[in-house]
Every structure is written in structure tokens, then in C-alpha cells.
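A.B. asks: The chain contents come next:
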Amino acid sequence: MEPHTAAQVIDFAASAKLIGAGLAAMGMIGAGVGLGVLFGSYLQAAIRNPAGAASQQTMLFLGMALTETMGLFAFVVSLIILFGS
Amino acid sequence: MAQQPAIEPMHQFMIHKIMQGPVFNIGGLTVDMSITNSVVSMMLGTVILVAFFALTARREIVPNRGQAIAEALYNIIDRVLVGPIVGHGGKPYVPYIFALFLVILVLNLMSVVLAVGNIAGQDWTFAVTSQLAVTGTLAVLTFFSVFILGFVKHGPKFLTLFWVPGMGIFGGAAMVLIEMISYFVRPLTLALRLFGNMLGGHVVMSLFGSFVVALAIVGLAGGMATLAFIPSVLSFTMIVALTGLELVVAILQAFVFAALATVYLNEVVNFGHGH
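For the protein sequence lines, the chains are A and B, in the order given.
Everything in the first sequence is counted per our numbering, starting at 258 for the first residue and increasing by one.
Everything in the second sequence is counted per our numbering, starting at 57 for the first residue and increasing by one.
Only chain B is shown next, with the shape it has when bound in the complex:
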């Protein structure tokens, strides 16, 4: 029997350094600014995003296709999310939610559409959002921006966010604790939601890919083993279906991240009206 290649679905998430950059030591924490495959993918995503909007952001009354796509993306944030959820006071924050949505959308889609895979021993595009560090940064940034905005807009009165009226002093104190826990777990859930969706999708796709190859190798042995080609082809069909699902999940997760950021923003902007 031919040598079975090891099935390692987690191998695609390894980070390799492509170019060594400066290494700083800030108070005991080592910051390594090298160019890794993750950084290259993020740079590629930025270039794609900026190029897309540079090419399509026109002011024609009758939009061409590119402009229609750009306007549709903007309308998702402005008319579907921020407008209904936050209302008029959310207008200043649309740029941030828009940028957040676009970054996650581009990075998610790149991991599905531009999955070039292994060229010359290196993985060339890389599921950036399946790294907890990346999603964690986006989540922490979003959460703390909104939290600090609360104090900037409303002062220390913002802490009454945690007080649930209508319970006694003891019930109220217990509720404050519960509310605080469920509030401060938000960056964690934001990060883990995006991370888990992307990680899970890519692990499953990689597994089915390994099945295709492993079953084909078994089938090559000849004789009765040629039947192994059938599950190999079925696994390939499954990969096609999974890629479709991954496309939906990629776009949906970007939308959900932006939607949740808008909901958290609404609590701050409309603080005190209609709790």
C-alpha cells in the first residue's frame, strides 16, 4: 500500500516569517514586526479594498456596476444597520462600522476565494480571520471604543448601564455583577464567534481535501480497492458544497460583527432613552 500522507487539518494555520523585521522590547513584551504570511494576506486585503473603492467611487447619478456594488455595501451599513438600530445619532460612527465591516468581509472572502494554497512550500493566502489574535484585536478595538465613548459622552453616569431598576438592594447588587460579567465578556464572544466560524470552516474543508487524496491513494492499489474512488469523488463534491457554505458564512459573519458593533454602539448613543 502506498504511503498515506498524514492528515493534518491544523497545519494550514501555522504562521511563517517571510521577512524578518525589527524586534522591539516594550517593557518585557517582545514585539516582533516581521512580515509573516498573515501580514502579507492583510496587506493584500488592504490593497484589494483600496483599489476597489478607488476604481468604483464615482459620482454618477446612474451608477455602473462597480459603483452599484460600492453603494450597496455602504447602504448595508447606513440604511440597514446604523439607521434602523441607532437612528440619527449614529451618523458620525458610520465610517468606523463601515471600515470594520469591509475589513472583515475582505479578509473572510479572501480566505475562501483566494485560497491558492501551497506554492513552493509556502501557504500563499492564509485565513487571516482564523487567527484569534486578529479577531481578538478587532473585537477589543470595537468594544473599548464603544465603552470609552460611553464615558466621553455621558461621564461617570454611564455606569448606571449596569443597574437594573425594580429590584431591591440585594437583587440589584447581584444583577450588577451579572450585568457586568455579561458586558465584559462581549469582546471575547465577538472574537470567538468570527474565529470559530472561520477556523471551523477551514478545518472541515481541509479534512475533506485530505479525504479526497487519501481515498484516491487507497484506490490506486487496484483490485477491490478501486471502489475507494467513489468516496473520493463524493468528498470532492462535499468540498464544493462546503465552499458555497463558507462563502455564505464569510459574508454573514462580517455582517453580524458589524451588526453587533452597531447594537453596542446604540446602547451608548441612545443611553437613557427607552431602556
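Isolated chain A (complex conformation):
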């Protein structure tokens, strides 16, 4: 009986790309946590002081975009790993 041999060649580059892309996308965890903290703080303060809430809405959206950026960097790195040449 012949010993079993590995007939397929494992494509390390392709599988490494997939693993790398998955790991890079985990960076969005931080962005998710950050956004939750940001909006939670805004809501807490807004419920305590509804009159002052509207004046800070611009800052809220600005902060949201800046926090989201970090998550997007992770996403973009993931796409670069997955589809870059």
C-alpha cells in the first residue's frame, strides 16, 4: 500500500492573504468601541442638559468622523492585503 502523499500544493500566498486580511479587519473593533463611547457620552450629557445638546452637534459629527477614520484605515489595509498586487 502506498503511503499517502500530499498531492495538492498548498498555495501559501493566497491563504496568507486571506488570514492577513482577516487579522487587519479586526482593527475595526477599536473604532466600534470608540464610537459607542462617543455617542454614549453625548447622549448622557444631552439627557442631563437638553438645551446644550444642539450646540455640540457639530462636534459630535466631527468626532464621529475622526473616530470612524481609524476603523476605515484598518479596513483599507485589509483590502490592500486582499486585493493588492
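Watch out, some of these pointers could steer you wrong.
[Claimed, not checked] What follows is a set of in silico ranges between Cβ atoms, one per label pair, in the way DEER data are often shown:
hint: 1; chain 1: A; residue 1: Val294; chain 2: B; residue 2: Leu290; range: 38 to 44 angstroms
hint: 2; chain 1: B; residue 1: Leu233; chain 2: A; residue 2: Val294; range: 28 to 34 angstroms
hint: 3; chain 1: A; residue 1: Asp268; chain 2: B; residue 2: Val319; range: 43 to 49 angstroms
hint: 4; chain 1: A; residue 1: Gly279; chain 2: B; residue 2: Met223; range: 37 to 43 angstroms
The hints are simulated quantities; they were obtained by calculation from the structure and are not laboratory data.
Glycine is no exception: its CB is placed at the ideal position from the N, C-alpha and C atoms.
Once you've looked at the hints, dock chain B against the given chain A.
C.D. replies: Same frame as chain A, now just chain B:
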């Protein structure tokens, strides 16, 4: 089983030449001025923008709907962004921030609303702002305009922007390095923020679209496979929800780009007062 079409979410970002234009060679760098699908979308955006303001920019005291929209857009820049953040000295720069905001807004919205897709083998409207070249140009333009304005207004004293007072000579030197890095990374973050938001949104929408088609093809096989129509319909619902989200993100990203440009402008215009 029917042939599964390949799921290629990145295919929509390819640039095709529609008309060949002149090719220049400037010092080793080849500049190809062809009309591509990206250029056509940008031209369409310009036409829409100019036509909108040409039609609605009236001087009626009681505005009609078009004029109200135009005035609301202007007020976002003048009363909500530049006025509170920069103050009176920001008035000369409102036209630039306004133009920047409108360009990004129109290009972002076109990529969501006018997503005609594939006609006769060509993608006819195209997510212009999901090209890093386009967002990079806008970011570099904004950043360097503000940076050079700093030197024009304040001379070489502008470099004290990087000095953080209250630390010793060594701490100060380290802080200068850190401040410089975080200052010069700004065009990169501006470009990548807009690029990443648009790219991510379109990739996800394209993926869900592929799911709809692929699952429907699986479902057509009959028998138990007809259950595959359920996730197909659910994917379609997801696309509707994602389009709503993309609309919000498109408008928000235009606003955030303009807001950050205003904040960077404020550092230059109000340089030295109340650091």
C-alpha cells in the same frame, strides 16, 4: 448547477479610457489627458452643480424651494462651520470651503444616487471619490493652501505652531517632532477618510448585489435549493438599507471634509490668539 458568476467587488473601480487625449511627458512623468469614465463623472458633477446654482441663485426675499436649498447649503458653510469655528477673519475663505464642500457632496451623492451601473459593457457613473487620486488631490490642495497661507500671513514665525510651551528643551524638541508628524499626516488622513468611506460603502453594496444574483442562481436549480431565494431577498433588503446608510455617509463625509478644512484654516487665521 448553473455557472456561478465570479464575485468581484473591486471591478467597479476600474478606470477605462473613453476617448484618447494628448499625452505629455513632463520631466519623466507621463501625463495622460484622456477622457476616462472618472473624468466623465467629474464633468457630469460639474454640470449638475453649475446648473443647480444657475437655476436657483435668485435674490427673492421669499425664497422658492431651489433658492432655499442653495441658501441652506451656503449657510452650512457660513453660519455653521466658518462662522463659529474661525470667526470674522474666515470670511475671505468661505468661497473655497464652499466649493470644496459642494464638489465632494455632488461627487459622493452621484456615486450613490446616479449609480446607473453597466450599460453596453461600460460603467457609466462611477464613484469618483472612491479613487485615492481624486481624494488625495483634494486633500493635498486643501492642506498646502492652508500651510502656505500660514507663511503668507505670519511669515517664518508660523513655524512656532510646532512648539509646545511648558516643557524643557529636550521635551520640547521631542514634542516638535511629534507635532510635525501629526501635522504633516493631515493630508493623508483627509484623503484616506473620504476614500475609505466611499470605497467601503461601494464594496459592501457590490458584494450584497453579488449575493442576490448568486443565491438566485442557486435557487433556480429547483427542489430544496429554492430555499436560497430567501437569503436572496434578504440581501436585496440589505442593499436598500445600505443605500440609505451610504446617502448619510456621503453627505456626512462632505461635511466632515469641509469641517476639518475649516479647523485647519482656523489654526492659521487665528494663529497666536488663544492656543
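A.B. asks: Does each hint fit the structure? Answer for all of them.
C.D. replies: So, going through the hints one by one against the coordinates:
1. Val294/A <-> Leu290/B: 38 to 44 angstroms: violated, 31 angstroms
2. Leu233/B <-> Val294/A: 28 to 34 angstroms: The hinted range 28 to 34 angstroms holds for Leu233/B and Val294/A, with Cβ atoms some 29 angstroms apart.
3. Asp268/A <-> Val319/B: 43 to 49 angstroms: holds, 47 angstroms
4. Gly279/A <-> Met223/B: 37 to 43 angstroms: With a Cβ separation near 42 angstroms, Gly279/A and Met223/B satisfy 37 to 43 angstroms, so the hint holds.
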